[in-house]
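Listed here are the chains, written in short residue letters.
There are 4 protein chains.
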Amino acid sequence: MTLRVTVWGENVHEQTNDIVARLYPEGMHACIAEALNEDDAIEARTAILQDPEHGLSEDVLESTDVLTWWGHAAHGQVSDEIVDRVQKRVLEGMGLMVLHSGHYSKIFKRLMGTTCSLKWREAGERERLWVVNPGHPIVQGVGDYIELPHAEMYGEPFAVPNPDEVVFISAFEGGEVFRSGLTYKRGNGKVFYFRPGHETYPIYYDAKVRQVLRNAVHWLRPEGSRWVDSCPNVPPDQAPNPVEIKGESLHKPGEEGFR
Amino acid sequence: MTLRVTVWGENVHEQTNDIVARLYPEGMHACIAEALNEDDAIEARTAILQDPEHGLSEDVLESTDVLTWWGHAAHGQVSDEIVDRVQKRVLEGMGLMVLHSGHYSKIFKRLMGTTCSLKWREAGERERLWVVNPGHPIVQGVGDYIELPHAEMYGEPFAVPNPDEVVFISAFEGGEVFRSGLTYKRGNGKVFYFRPGHETYPIYYDAKVRQVLRNAVHWLRPEGSRWVDSCPNVPPDQAPNPVEIKGESLHKPGEEGFR
Amino acid sequence: MTLRVTVWGENVHEQTNDIVARLYPEGMHACIAEALNEDDAIEARTAILQDPEHGLSEDVLESTDVLTWWGHAAHGQVSDEIVDRVQKRVLEGMGLMVLHSGHYSKIFKRLMGTTCSLKWREAGERERLWVVNPGHPIVQGVGDYIELPHAEMYGEPFAVPNPDEVVFISAFEGGEVFRSGLTYKRGNGKVFYFRPGHETYPIYYDAKVRQVLRNAVHWLRPEGSRWVDSCPNVPPDQAPNPVEIKGESLHKPGEEGFR
Amino acid sequence: MTLRVTVWGENVHEQTNDIVARLYPEGMHACIAEALNEDDAIEARTAILQDPEHGLSEDVLESTDVLTWWGHAAHGQVSDEIVDRVQKRVLEGMGLMVLHSGHYSKIFKRLMGTTCSLKWREAGERERLWVVNPGHPIVQGVGDYIELPHAEMYGEPFAVPNPDEVVFISAFEGGEVFRSGLTYKRGNGKVFYFRPGHETYPIYYDAKVRQVLRNAVHWLRPEGSRWVDSCPNVPPDQAPNPVEIKGESLHKPGEEGFR
Numbered sequence: 000m001t002l003r004v005t006v007w008g009e010n011v012h013e014q015t016n017d018i019v020a021r022l023y024p025e026g027m028h029a030c031i032a033e034a035l036n037e038d039d040a041i042e043a044r045t046a047i048l049q050d051p052e053h054g055l056s057e058d059v060l061e062s063t064d065v066l067t068w069w070g071h072a073a074h075g076q077v078s079d080e081i082v083d084r085v086q087k088r089v090l091e092g093m094g095l096m097v098l099h100s101g102h103y104s105k106i107f108k109r110l111m112g113t114t115c116s117l118k119w120r121e122a123g124e125r126e127r128l129w130v131v132n133p134g135h136p137i138v139q140g141v142g143d144y145i146e147l148p149h150a151e152m153y154g155e156p157f158a159v160p161n162p163d164e165v166v167f168i169s170a171f172e173g174g175e176v177f178r179s180g181l182t183y184k185r186g187n188g189k190v191f192y193f194r195p196g197h198e199t200y201p202i203y204y205d206a207k208v209r210q211v212l213r214n215a216v217h218w219l220r221p222e223g224s225r226w227v228d229s230c231p232n233v234p235p236d237q238a239p240n241p242v243e244i245k246g247e248s249l250h251k252p253g254e255e256g257f258r
Numbered sequence: 000m001t002l003r004v005t006v007w008g009e010n011v012h013e014q015t016n017d018i019v020a021r022l023y024p025e026g027m028h029a030c031i032a033e034a035l036n037e038d039d040a041i042e043a044r045t046a047i048l049q050d051p052e053h054g055l056s057e058d059v060l061e062s063t064d065v066l067t068w069w070g071h072a073a074h075g076q077v078s079d080e081i082v083d084r085v086q087k088r089v090l091e092g093m094g095l096m097v098l099h100s101g102h103y104s105k106i107f108k109r110l111m112g113t114t115c116s117l118k119w120r121e122a123g124e125r126e127r128l129w130v131v132n133p134g135h136p137i138v139q140g141v142g143d144y145i146e147l148p149h150a151e152m153y154g155e156p157f158a159v160p161n162p163d164e165v166v167f168i169s170a171f172e173g174g175e176v177f178r179s180g181l182t183y184k185r186g187n188g189k190v191f192y193f194r195p196g197h198e199t200y201p202i203y204y205d206a207k208v209r210q211v212l213r214n215a216v217h218w219l220r221p222e223g224s225r226w227v228d229s230c231p232n233v234p235p236d237q238a239p240n241p242v243e244i245k246g247e248s249l250h251k252p253g254e255e256g257f258r
Numbered sequence: 000m001t002l003r004v005t006v007w008g009e010n011v012h013e014q015t016n017d018i019v020a021r022l023y024p025e026g027m028h029a030c031i032a033e034a035l036n037e038d039d040a041i042e043a044r045t046a047i048l049q050d051p052e053h054g055l056s057e058d059v060l061e062s063t064d065v066l067t068w069w070g071h072a073a074h075g076q077v078s079d080e081i082v083d084r085v086q087k088r089v090l091e092g093m094g095l096m097v098l099h100s101g102h103y104s105k106i107f108k109r110l111m112g113t114t115c116s117l118k119w120r121e122a123g124e125r126e127r128l129w130v131v132n133p134g135h136p137i138v139q140g141v142g143d144y145i146e147l148p149h150a151e152m153y154g155e156p157f158a159v160p161n162p163d164e165v166v167f168i169s170a171f172e173g174g175e176v177f178r179s180g181l182t183y184k185r186g187n188g189k190v191f192y193f194r195p196g197h198e199t200y201p202i203y204y205d206a207k208v209r210q211v212l213r214n215a216v217h218w219l220r221p222e223g224s225r226w227v228d229s230c231p232n233v234p235p236d237q238a239p240n241p242v243e244i245k246g247e248s249l250h251k252p253g254e255e256g257f258r
Numbered sequence: 000m001t002l003r004v005t006v007w008g009e010n011v012h013e014q015t016n017d018i019v020a021r022l023y024p025e026g027m028h029a030c031i032a033e034a035l036n037e038d039d040a041i042e043a044r045t046a047i048l049q050d051p052e053h054g055l056s057e058d059v060l061e062s063t064d065v066l067t068w069w070g071h072a073a074h075g076q077v078s079d080e081i082v083d084r085v086q087k088r089v090l091e092g093m094g095l096m097v098l099h100s101g102h103y104s105k106i107f108k109r110l111m112g113t114t115c116s117l118k119w120r121e122a123g124e125r126e127r128l129w130v131v132n133p134g135h136p137i138v139q140g141v142g143d144y145i146e147l148p149h150a151e152m153y154g155e156p157f158a159v160p161n162p163d164e165v166v167f168i169s170a171f172e173g174g175e176v177f178r179s180g181l182t183y184k185r186g187n188g189k190v191f192y193f194r195p196g197h198e199t200y201p202i203y204y205d206a207k208v209r210q211v212l213r214n215a216v217h218w219l220r221p222e223g224s225r226w227v228d229s230c231p232n233v234p235p236d237q238a239p240n241p242v243e244i245k246g247e248s249l250h251k252p253g254e255e256g257f258r
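Protein chains in written order, with numbering that gives the first Met the number 0: chain P, 0 to 258; chain U, 0 to 258; chain B, 0 to 258; chain S, 0 to 258.
To be clear, the hints were calculated from the coordinates, so they are not data collected in a lab. Incorrect hints may have been included.
Below 27 angstroms or equal to it, Euclidean Cα-Cα: the simulated DSSO-like pairs (lysine-lysine) are [claimed, not checked]: (1) Lys87/B to Lys184/B; (2) Lys118/U to Lys207/B; (3) Lys118/U to Lys184/P.
In silico contact screen, one side only, chain B against chain P (beta carbon under 8 angstroms); selected entries [unchecked claim]: (4) Arg127; (5) Gln139; (6) Gly142; (7) Glu222; (8) Ser224; (9) Arg225.
Yeah, the Cβ is synthetic: ideal placement off N, Cα and C, and Gly gets one too.
Throw the hints in and build the complete structure from the sequences for me.
Dropping the structure here:
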């Protein structure tokens, strides 16, 4: 079964910064989608901030198994309505991969419930992403670590809830460390945060980074059925053990949607 | 050291519903504060939705070790600015106890990142809250379970992230079950969700429920130091291993606040 | 790809108790294997306590993707060597489903690190297993709950570490509750504890229970690669940043296997 | 209330290695106890492998709030009976701090359920332990990180279950990283693994390391009541909802201790 991926890109730096435009002439999202499409089991398309509904219409999300998210300069321009929509789909079971500066996106902060802040430095220093669980599906094919010659530094503390799993921990040339690969489950959806991807370095051309992107899409695939959220009233006579109403009550039995 | 608690009440049903007004003539918040003040180590005051800033000014939150939250009919009237403020204080280390229908409050949904929905029925049925960890500080003094003769039913699925601990699980007369006592950590703040407290029953007069409220306030006390969130730039020459800037860079080194 | 399952059965009650022998003339393990083999993607075989090496030779475990474990009367007769072997395979990535009274098996206690005790009563009472996450792969096809007309009661506290996910919570006719479906990850292996299965009731003939067994086997399948445990010495000149040995040292560099 | 700490030391290297004997003439355990006793709220005594019952009699453990564990060369000489005893006390609520090479102790492996393996190198290289949660009680007073000029390297993967919290992450001069401060809860007891402490370096004289030891003892203090493990039978007529026995049954009602 083909995994349908939507690669979301902010697509701002590509238009305003020469370095980024040179590195990613079609946009970072195009490069990420290309990396994913090298896997025959993945069918990746792109969507960008500037599209109507940021390219994330109900139809697009309905037909998306895994969404990847890269943003940096324009988090505030993402409409709350679209964030609501993406969150709903994650809880239903859609996978979400949040990339690099996406740590500060509305959708990631929404799902984490924390500020998602960190330390940072942009000096083109070396980063090594160490594998914490060598058997994990996400790290297959990367060996002991991924080495990136030039990267932005992100340092702890990373203000996120304790994850289900730490998959990568980075060590930077300057000395800092960072939990660079984290998994969460929210509702029936899986979430993977993956650190690399600063716009002024050719990170998404790195073979091992591309391998992780593909691995992660497979790991993030929806499993089970869609969890359709509701807050249903269960009338007393429809309880497994039917009950009589006792005493006075504020609500009428069966009254829907009060909550 | 005295624990400074602010008991927040929505205070709507008390004004509009005769049953609630009769049960809680001073308001549910007053009853909860009274239960807490039976403990000499606790100093509880109240704040309500109708107060300026909902009673949760910077000064009030600054001098609050633990905040308790009860709301139901007017979640939407709580201003987002106050929710931001409460969230910030939780991440810094303030404890938060979310009560009953507070599961649908803005602050709880904010911290959980999920819808926090559930099943419900209001028939005055019997509830038993079973203790899952008999050694846990929160359950001291309650024995094997708490029995409430009349309660609103909440049933699974409860749409929250997997908690750090399940402290209580309820069984209802009608047959449903619910994770009724859940702990989380967000930033440096502890969060406790405690289910009982429907407004039309005298739940907050129950001796065991009051004991749990007091126990939980102690467990929720701030520990360690305030975590002041920031997203600092660490200049290359201030790294533990000072680094040279390599290659071209989008940002100027030391540029603050881009993120 | 076919999932290779080994269904392990203690096979003691079947030989000593008329009721059990009548319910499960081929043994409980045979009934469980039959339930699994209804799924074309699963190939289940059986192994029993009385077999040489309890039927769990290196070869058998090597060719097992998921192991199911039912035991009750003879936990102490399982050799520690076989427990070591099963634990090793779980950490490498083999899935493990622990059934009912298997909560007190050596292998489950080994993997949990706790006593795994609980309350119990055998009165043939009704049990309902409520679904906590309706989208989860393990609960597909069971609706809101599974109802078993006659079951042994297990009650909280269940002395296990906090699980990754609570999938089922049971309510018993007598009033008790129990976390009846729990998931864990240990090493690269997934673990699922599933409560139903008392030997004197025809639990493993129940259609929904059989559906859960099949679902769980799929969920437990190995993912990623085998995690081969080791505790390697990394010589100073093979570090990513080669280091000089400083000062005196108890061990000689490169000395293997001290730890 | 004074915290009663027992500092357990293997006390083997001190007797057999000149460097260790010179660094820790009274034994490493004495140095650790001294660090703890600088805090007036702590009363630390020592126990060693060579003592009768390894110094961990029922009486000693009974009067111990927090136990610290350092071992390396003689894990196999610790009797299983004492390991059982320590595990029982942890589950009841006693805090446990496992130090450095104690990662391979019987008690730590017992509580984790995994191999607890890791990479290692002994070259006297620099280690920095970065703080992951600056508000956490355990890290108070250490700033952004602890720097140790000479340390043994431990590298990921660290084969332990996902912890409740990662408090420290180390970066080593040679490039490796390690989760150096981890918290767990097992039963009602808290567990803290703290990495530093190789015997041939003066680690336990470091002011920040000593601060963490003291902080951790406070954090590990027992809370709530002792969780006395049992596996009780609840007779049908003593259920909250008394039940009639239905059908045939393997066990007689009320029969104790079958499990």
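| Which of the numbered hints above does this structure break? | 6
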